Amino acid sequence: MNKKKLRAKEISEKKLSREELENVKKRLDYLLMNIPVMIFICEVGGNWACTFISKNILKQLGYSPKDFTENPDFWVSKIHPDDKDRVLSDISRIYENDYHVHEYRFLRKDGEYVWMHDESRLIRDHEGEPVEVVGYWINITDKKEDEKELHRYRTHLEAIVEERTADLHSANVLLKQRISEAMKAEEMLEQLTMELNDSNRALEKELSERKLAKEELKKKSEDAQEAMHRSETYFDFLAHDIVNLISPIMSYAEIISANEDVPEVSRKYAQTIVDQCQLTASFIYNLRKIAELEKLSAKETTVVNLRDVLSEVERSIRKGYPNKKFKISYDLPSKDPMEVNWGEHIPEIILAIFDNAARYAESDEIEIGVKIKSKAIDKKHCFWQLSITDHGKGMDDGQKESLMNPFEPGRRLVRGIAMSISFASIIIKHMGGKIKIEDRVSGDHKKGTRVILLLPKAVDSG
Amino acid sequence: MKKDIFIVDDEKYIIETFENILSMNGYNVTDVAFDGEEAIQKFKSMKERPDVTIMDHRMPIKNGIDAMRDILDIDPTAKVLFVSADISAMDQALKQGAMGFLLKPFKISDLLSFLKAT
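Same order as they appear, the protein sequences are chains A and B. Position one of the first sequence corresponds to residue 1 (my numbering), numbered consecutively onward. Position one of the second sequence corresponds to residue 1001 (my numbering), numbered consecutively onward.
Bound conformation, chain B alone:
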């Protein structure tokens, strides 16, 4: 069964890259959001929760850690994988409940390993 992935990143080309990689590797990108606030609103309104949310950190309106906190408030079982260029956010993200943290640029095999493990 294909896993559903929700992608949150403010860069369109990054989202497209994720979409390409994930579709090639049997994952289903159910939705995308371009900032933390949009991500929360979309997550809240989803009829079916994604298996994994791929989350960037540095985004307009609301950053990734704050967005993850709200998402976990909505659904404590939600799984959030951070993929970010902000190494300084790593500790905080993991402490706040992220299932993993991948630094950009990431190896596809590392991304797939994370997703496979969920």
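So here's chain A without its partners, still in its complex pose:
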């Protein structure tokens, strides 16, 4: 190739590389204008005055590159006052590693501070002396806001965690307390269970012993009842047979005592036999009555109306003494019913009193007066007072006393074959009533007797 051609070629190549350079510069400018990263060059030390900054500073912070390059203090003056000392102090570390990164707030032209990430490298010459600093700047406000938000969120989370931890701690303490209480309760329960088991065993033992004792008692009670029943049966047979045995004795003795051909003394002895037989029979009958009576309480007895009882007794006494003439008068309250318990015995008691009047009357005309009235001692003790008066030969005070207390030492049973007044008094006392014998005419016991009975009113009776 000749020189001319070579020269032309060189010129052509130079022209081409200038155009290419221009194109590269344009692309670089375009990039610098549109990327968020700003490139800068600054002096070393002092106020680190900016000697170059990419044009995109205008878009990012609102300043022109001239604002930085023409005022050496510009960069420093726009640093947030709270960050400035830290930034200027820390930047000297660049001498140690030739590299420094820091973040700080920087005043944007519109008056708002933005967070900037500043990453710089120290450029040295061949001798190692610092020449300048090159670096890039990037707005990280969004990142900082995110961090701040993140921090807030974290703080919030931490607070929640702390709160939850505190709650958890409290719950834990409470749980521990509950567990402790539960354990104590369990221990107590265990203790109680043990005690209960002990008590149970003791109770079972006691129950077993009691059961045995009860069975033993039941057996003894049954034996006793059986023995009692046997005894009652024996007594009943004995009583019946003794009365049967003495019956002919008494009859024959009576025949002898009435036989005028028999010597007087023998007749007298025979009469004694009659009397003794009567007493024996009376005693046996009355013992049987009392034995039956003691098995009963008022609730187990029959309620009777005294008006009905008197009718029945009058019928019986008239039938019992068909040859005697009875004049029986009544003075009864109009109010019915005159009810009393012990219906099994009351008729016999009244019949015994009537019988006494008939048996010991001095004539065949028998006069009996009956008077009944209500008498209340207090609210709980209400009675029917029954007065039966006869016109017989009466009783002296000794006889009256004997009748009232037949079993007292020194007393003797007196007259009466069936239900004597003596035993009537025992029965009446057993039923909670009273009996009293007085002269019909006060002070003259020979003009008849008045028997006064206080009979407890039946429950709910008027």
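These are computed hints drawn from the structure, not numbers from a lab. This structure is a prediction, so every number in the text was calculated from the model and none was measured. Treat the hints loosely; a few may be bogus.
As the list claims (entries may be wrong) - Cross-link-like lysine-lysine pairs, in silico, DSS-like; alpha carbons within 25 Å at most:
{"hint": "1", "chain 1": "A", "residue 1": "K109", "chain 2": "A", "residue 2": "K55"}
{"hint": "2", "chain 1": "A", "residue 1": "K319", "chain 2": "B", "residue 2": "K1047"}
{"hint": "3", "chain 1": "A", "residue 1": "K84", "chain 2": "A", "residue 2": "K59"}
{"hint": "4", "chain 1": "A", "residue 1": "K319", "chain 2": "B", "residue 2": "K1002"}
{"hint": "5", "chain 1": "A", "residue 1": "K319", "chain 2": "A", "residue 2": "K268"}
{"hint": "6", "chain 1": "B", "residue 1": "K1107", "chain 2": "A", "residue 2": "K325"}
{"hint": "7", "chain 1": "A", "residue 1": "K5", "chain 2": "A", "residue 2": "K15"}
{"hint": "8", "chain 1": "B", "residue 1": "K1107", "chain 2": "A", "residue 2": "K268"}
{"hint": "9", "chain 1": "B", "residue 1": "K1042", "chain 2": "A", "residue 2": "K324"}
With the hints as your guide, set chain B onto chain A.
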């Protein structure tokens, strides 16, 4: 005219006593029985009914009250006088139709009073 008496008692010596007392006092003992059932059979077969039947209560086979009930069924006009040691039978005997009830041991005069009244 002598009254005819029928005696019912399970004790021979009691019957003999009645026989003695009654014969001494002008009564005619026409027959005797030793228990309630025998009494009914005899009463049923009698050509002439007694004026009074003297009846004990506690006897074997059939007691006096049951026997009296049957006798009264056979002859409602029959007169039965109880002479017994069972005081507990008195009410029932009188209610069932006995003309009287004498407790043993009885006084002869009381027995005669009863018989005289019939």
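Are the Cα atoms of K1107/B and K268/A separated by 25 Å or less?
-> 16 Å, holds
Does K319/A pair with K1002/B here, judged by a C-alpha cut-off of 25 Å?
-> Holds - the C-alpha atoms of K1002/B and K319/A are around 23 Å apart, at most 25 Å.
Under the criterion that the straight-line Cα-Cα distance not exceed 25 Å, is the pair K5/A, K15/A satisfied?
-> OK: K5/A and K15/A at ~15 Å, within 25 Å.
Measure nothing beyond the straight line between the CA atoms of K319/A and K1047/B; if it is 25 Å or shorter, mark the hint as holding.
-> 29 Å, violated
Holds or violated: K109/A with K55/A, Cα cutoff 25 Å?
-> 15 Å, holds
Pair hint outcome, K1107/B versus K325/A [Cα-Cα no greater than 25 Å] = With a Cα-Cα distance of about 19 Å, the restraint between K1107/B and K325/A holds, given a limit of 25 Å.
Are the Cα atoms of K319/A and K268/A separated by 25 Å or less?
-> Violated: K319/A and K268/A sit about 31 Å apart, past 25 Å.
For the pair supplied as a hint, K1042/B and K324/A, confirm whether the alpha-carbon distance does not exceed 25 Å.
-> 34 Å, violated
Does the structure keep K84/A and K59/A at a Cα separation of 25 Å or less?
-> Holds: K84/A and K59/A sit about 24 Å apart, inside 25 Å.
Checked against the numbered hints above, the structure violates hints 2, 5 and 9; every other hint is satisfied.
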